[in-house]
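Enquirer: The primary structure of each chain is shown beneath.
Number of protein chains: 2
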Amino acid sequence: MTKTGVGIVETKYFTFANQQEGFILESKEKLVSVTLAYETYGALNKEKSNAILILHALSGDAHAAGFHKGEEKPGWWDNMIGPGRAFDTEKYFVICSNVLSGCRGSTGPSSINPKTNKPYALDFPVISIGDMVVAQKTLIDSFGIDKLLTVVGGSMGGMQVLSWLIKYPERIRSAIPIATALRHSPQQIAFDEVGRQAIMADPDWHSGNYYEGNPPDKGLAVARMIGHITYMSDISMTEKFGRQKKNNIQPFKFTADFEVEGYLHYRGDNFVKRFDANSYLYITKAMDNFDASAAKPFHEVLSEKSLKALVIAFKSDWLYPAYQSKEIVKACKYAGLQASYCEVDSTYGHDAFLLETEEETHLISHFLKSILQKRGKT
Amino acid sequence: MTKTGVGIVETKYFTFANQQEGFILESKEKLVSVTLAYETYGALNKEKSNAILILHALSGDAHAAGFHKGEEKPGWWDNMIGPGRAFDTEKYFVICSNVLSGCRGSTGPSSINPKTNKPYALDFPVISIGDMVVAQKTLIDSFGIDKLLTVVGGSMGGMQVLSWLIKYPERIRSAIPIATALRHSPQQIAFDEVGRQAIMADPDWHSGNYYEGNPPDKGLAVARMIGHITYMSDISMTEKFGRQKKNNIQPFKFTADFEVEGYLHYRGDNFVKRFDANSYLYITKAMDNFDASAAKPFHEVLSEKSLKALVIAFKSDWLYPAYQSKEIVKACKYAGLQASYCEVDSTYGHDAFLLETEEETHLISHFLKSILQKRGKT
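Chains A and B, in that order, are what the protein sequence lines are.
For the first sequence, my numbering assigns the number 6 to the initial residue and increments by one for each residue that follows.
For the second sequence, my numbering assigns the number 6 to the initial residue and increments by one for each residue that follows.
Because the hints were derived from the structure by calculation, they are not lab data.
Don't take every hint at face value.
Pairs count within a copy or across copies, as identical chains cannot be separated in the list.
[Stated by the list, open to error] Mimicking SDA-like on lysine to any residue, the simulated pairs with C-alpha atoms at most 20 Å apart in a straight line are:
#1 245 x 178
#2 250 x 188
#3 250 x 302
#4 250 x 31
#5 123 x 175
#6 320 x 240
#7 251 x 296
#8 17 x 144
#9 374 x 346
#10 250 x 271
#11 78 x 109
#12 78 x 37
#13 142 x 327
#14 331 x 240
#15 35 x 334
#16 120 x 38
#17 301 x 247
Given the structure is predicted, the values throughout are model-derived calculations rather than measurements.
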């Protein structure tokens, strides 16, 4: 059953820009050029009909599967991508690209502003989820792919899926939004905002101009710790940590007494090594501003009736509660799309979309099979 | 129905210490002397049998009812205390004291350490919920009250109620723990810890030694913002703010776009004016360390079978979920106590214990009447 994964992989880079106009954003501002970091797994078939686009969440990146040379940790959705896995690389050509405004190889606030030859910092323009998707579409164009077999992603990745449904329904055959929402609730905005406030409260942030000095690591670590609480569930935390105390309790000076505290510190400290604080601000703001029903109700936007959707939610996910996924399903059905809904009975909270890979494999591989059957063999 | 409240009130101060020993804490450390700020409403009867002790939550204080001269905002539970209210000051003598380690008139880390003539800061000893209760008991002794009619409190106030049940069951006739827990879950610890980390990440914190300089206001504000998200509910935030944007959006530099963001900023900024960051550290740590079943199961600790308990939880309270209140009820019943349980159908989240005063009035006034009937007239 468990086959070897995709093995050693490398991140690639795709740079593009309309020489005259640059890359125009929803805000009407423009970027002179855009680079997207991306990875691919499997091979594109002759008909270019077997491509799947995987969209990552807030802190994800292009490295979804396999191993980078010399590294021990595989990509963030490795269990889902590879020969015999849900996104079977013996059948499908899988693409994962880092988002615009990210900090893992794509153009973002830490990139060099060609006007100043210094990092953009807060001179980087506001980015929307839609802008991320337009950039991805340009990457897909570069492969000569006319129609993606599916677009799939969890959390912010799911928002990008919804944005694909709105912007380029004719370029996809199906969509799999996982643990996501048509728009953030005030509670979701509030958690993001407190994270941003933690970063901006750090004097090392210097209004975003920290690239020549110390980055606001303490603030970013606090933001990440808040995030981690919301990614887990009351049950999963109890199962994982209980009220277990750490062995190495030092004389009481508000050090971490409980295991759960040590875990949060570890996660916070690790995150700052690989993530840019300004990217955190821009990306969370893009999520908060996203609203699939901004112009008109989502079901009125959905024009391509032949599209199929699989919507997945997780029972203990209180950050993106199941009722938000049901709203997506309702809109799809209202618009006449074939939408299936599955609420997975998981205790992992929002993290479940990264962890419940067995259940997801079952659901997604059947879903993909049904799409292929409908349209004939690839 | 709505009568005038208790009118103008003043905070009083009670200072005590065993001249030889000082005030010995659970940690075996001692304080040379202890001051508790407290307020009283109504009159103690001749038999001293009509006293009720009200216990406050994390950020509360002794000012539970009425108005301080020149102030427009009444005490934090004013709707519940006064003539004809749940804690009817025409019948009962109501006492509310600020907790030990607080910063609202009681001895805490911002108090002067008699050894150094400077504020204690982190030289202040670790305080437990039990220590707070021992100090309160000394205050009750000073009134010559042998038996309290009831002890009542929400959130951390409820933990103190549980501690009264454990430490001084012979000194109370009943107990009303509201929206509380026998012990914090790892999720509750995690939220507290992130708040503490936000304070300690603020360079103005200076390892607690900020009393001669600027206090760590930014860190404390972030801690308070995190708190406020957990005190509300997904529904109450949606009802209150939706995705409403603020009118005065400035050019995009991560200012508050959404109403909910502005609300959190406002709450954070206001809190730092009245609260000491070190007290926040000590009090949250006391809550995290509290465990009513630490020595033996809670039902085995409950020795006074004649005690009556009213346990109240709120449906949308996800910080102190109803299952935690049910554990309290279960232990009470298992121990042979008469325990009633009510889960109020509120959308206000954890804040409900401060807001659902009509429902609480109904429940509590009947409960108090039943206690008085049982033992005869006061």
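Enquirer: When no copy is named, should residue 35 and residue 334 be tagged within, between, both, or neither for a Cα gap of at most 20 Å?
Expert: neither (34 Å within a copy, 61 Å between copies)
Enquirer: What label fits residue 142 with residue 327 when the C-alpha limit is 20 Å: within, between, both, or neither?
Expert: neither (29 Å within a copy, 47 Å between copies)
Enquirer: Can you tell me if residue 78 and residue 109 fall within 20 Å by alpha carbon in one copy, between copies, both or neither?
Expert: within (16 Å within a copy, 51 Å between copies)
Enquirer: At 20 Å max between alpha carbons, let me know whether residue 17 reaches residue 144 within a copy, between copies, both or neither.
Expert: Within. Shortest intra-copy distance 11 Å satisfies the 20 Å Cα cut-off; inter-copy 71 Å does not.
Enquirer: At most 20 Å between CA atoms: does that hold for residue 374 and residue 346 within a copy, between copies, both, or neither?
Expert: within (16 Å within a copy, 52 Å between copies)
Enquirer: Classify it for me, residue 78 with residue 37: is the Cα-Cα distance of at most 20 Å met within a copy, between copies, both or neither?
Expert: For residue 78 and residue 37, the Cα distance exceeds 20 Å both inside one copy (35 Å) and across copies (55 Å).
Enquirer: Using 20 Å as the alpha-carbon threshold, which applies to residue 320 and residue 240: within, between, both, or neither?
Expert: Intra 11 Å, inter 18 Å, cutoff 20 Å: intra and inter.
Enquirer: Are the CA atoms of residue 250 and residue 31 at most 20 Å apart within a copy, between copies, both, or neither?
Expert: Answer is between; shortest inter-copy Cα gap is 19 Å, intra-copy 50 Å.
Enquirer: I want to check one pair: residue 250 and residue 188. Are their C-alpha atoms no more than 20 Å apart within a copy, between two copies, both, or neither?
Expert: between (39 Å within a copy, 14 Å between copies)
Enquirer: At most 20 Å between CA atoms: does that hold for residue 301 and residue 247 within a copy, between copies, both, or neither?
Expert: between (46 Å within a copy, 17 Å between copies)
Enquirer: First find the shortest C-alpha distance between residue 250 and residue 271 inside one copy, then the shortest across copies, and answer within, between, both or neither for a cut-off of 20 Å.
Expert: For residue 250 and residue 271, the Cα distance is within 20 Å only inside one copy (15 Å; across copies 36 Å).
Enquirer: Cα distance capped at 20 Å. Does residue 123 pair with residue 175 within a copy, between copies, both, or neither?
Expert: neither (39 Å within a copy, 72 Å between copies)
Hints 1, 5, 12, 13, 15 from the earlier list are contradicted by this structure; the remaining hints agree with it.
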